[in-house]
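Chemist: What follows is the residue order along each chain.
Number of protein chains: 2
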Amino acid sequence: MNSLNLAIVEDDPEVRWLLSDYLHRQPGLNVVMVCESAEHFLAELPDALPPHVVLLDLGLPGLSGLEALPLIKQRLPKADVIVQTVFEDPDRIYLALSRGASGYLLKSTPLAQMQQAISDVARGGSSLSPSVARRVLSHFKPGTSHHPAGLSSREQQVFEGLIDGLADKEIAQRLGLGLETVHTHVKNVYHKLRVSGRIELLSRAARGQL
Amino acid sequence: MNSLNLAIVEDDPEVRWLLSDYLHRQPGLNVVMVCESAEHFLAELPDALPPHVVLLDLGLPGLSGLEALPLIKQRLPKADVIVQTVFEDPDRIYLALSRGASGYLLKSTPLAQMQQAISDVARGGSSLSPSVARRVLSHFKPGTSHHPAGLSSREQQVFEGLIDGLADKEIAQRLGLGLETVHTHVKNVYHKLRVSGRIELLSRAARGQL
DNA sequence: CGCACCCTCCCCCAAACAGGGGAGGGCTTT
DNA sequence: AAAGCCCTCCCCTGTTTGGGGGAGGGTGCG
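Protein chains in written order, with the UniProt record's numbering: chain A, 1 to 210; chain B, 1 to 210.
It should be emphasised that the hints constitute simulated quantities derived from the structure, not laboratory data.
Same chains, same names: a pair is fine if it fits in one copy or spans any two.
Each computed DSSO-like pair below joins lysine-lysine, with the alpha-carbon atoms no more than 27 Å apart:
no. : residue 1 : residue 2
1   : K187      : K169
2   : K107      : K73
3   : K192      : K169
Generate the whole structure from the sequences, applying the supplied hints.
Modeler: See the structure below:
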């Protein structure tokens with residue numbers, strides 16, 4: 001059980017060689033598949049030892065890594081997929097993570113850290129390159145994510161109160177305003193964000209659509 | 001410019017000594033403050049070289065690290081704070097990250113990785129211990145978050161309707177129930193999740209506390 | 001069998017919310 | 001000076017929520 005089955009999916013022959021060569025020599029690591037495309041990987045899956053960890057390049061020709069991810073997770077629900085790429089844009093990161101990637105490493109990652117990441121995910125952890133982690137964390141900072149455009153500064157404050165689940169009355173107290181004033185701002189916020197009310201607003205916020 | 005000013009806030013004398021001793025010897029690292037409490041740290045800030053990175057223990061007596069974090073970020077907006085703790089619970093992680101932590105390391109982290117983390121954040125990255133990263137990533141998977149325990153199956157369905165921002169009437173239609181029935185389920189969901197109503201429920205969901 | 005739990009539906013009522021209107025004062029831009 | 005936006009407050013109404021009660025039928029367990 002100490003042997004960890006690893007699959008590598010990477011189109012660049014040189015990188016593929018480097019990776020498989022290095023990782024193959026690591027004790028406890030068993031490189032069971034080395035594929036040049038997601039299609040090959042999926043096709044060869046039934047014939048190979050099921051991998052515990054898949055190292056997946058995002059920039060693949062044909063079926064991209066992003067498209068392949070859900071398919072892989074579907075076939076191997078228990079496997080951990082580490083995504084490896086040069087791309088650092090928030091969209092790709094978000095998509096990869098929401099599709100079940102257990103790690104997101106940039107191609108600049110040294111081989112030793114790559115190996116570390118593999119054993120981290122195998123132990124039930126996750127691994128992110130520092131700059132990727134920074135982007136992920138910025139999602140959690142209220143100041144960064146909750147910034148709908150087009151709202152006046154007062155409306156921003158009222159909006160934050162709404163997100164915090166406060167009643168109009170409480171927002172009024174927090175901001176030192178009259179209830180009716182808050183009511184007006186709230187109505188304007190609804191119009192500008194084109195929601196029908198608090199509940200739709202919060203529901204969208206809960207699902208990251210704001 | 002190559003010298004990185006570091007502050008350490010840690011109540012355990014032994015850990016404090018270990019950290020400061022090790023980090024002090026690293027080239028390019030300049031340990032400018034070593035404090036046993038957040039209060040000391042804040043008090044001594046004006047007299048010291050402003051740190052670029054703060055290593056902050058969460059389990060401090062008096063002002064906890066979680067409480068101190070916003071204060072530190074307020075005084076040193078450009079500094080990166082790495083939180084260090086034994087705690088691995090989602091609430092604490094979420095709070096620390098939303099209050100601006102640039103890293104979240106468990107106390108089990110080896111000193112060498114600690115140093116790596118410090119230079120990572122100094123370069124504009126972030127660093128998370130693998131198990132923490134896993135929890136953070138699970139936030140991005142839609143399927144994982146919406147599964148509150150203790151709800152009956154009907155209540156689960158009603159709960160999903162609530163998250164989707166539906167009114168009782170709409171939930172009733174979706175599930176083919178009477179309005180009053182939905183009303184009852186909704187009330188039970190509130191009680192079980194201990195929220196005062198839809199708005200608190202959605203507000204918590206929006207902030208990942210559910 | 002009794003008990004607990006769930007699902008279903010009903011009544012009542014106070015509070016909050018949504019949406020519509022208006023109105024005065026300030027501020028910048030044209 | 002006029003127009004436009006923002007902030008402040010007030011009026012009205014109907015609908016929705018939230019919280020309390022009860023009640024009948026189902027299922028499962030000891």
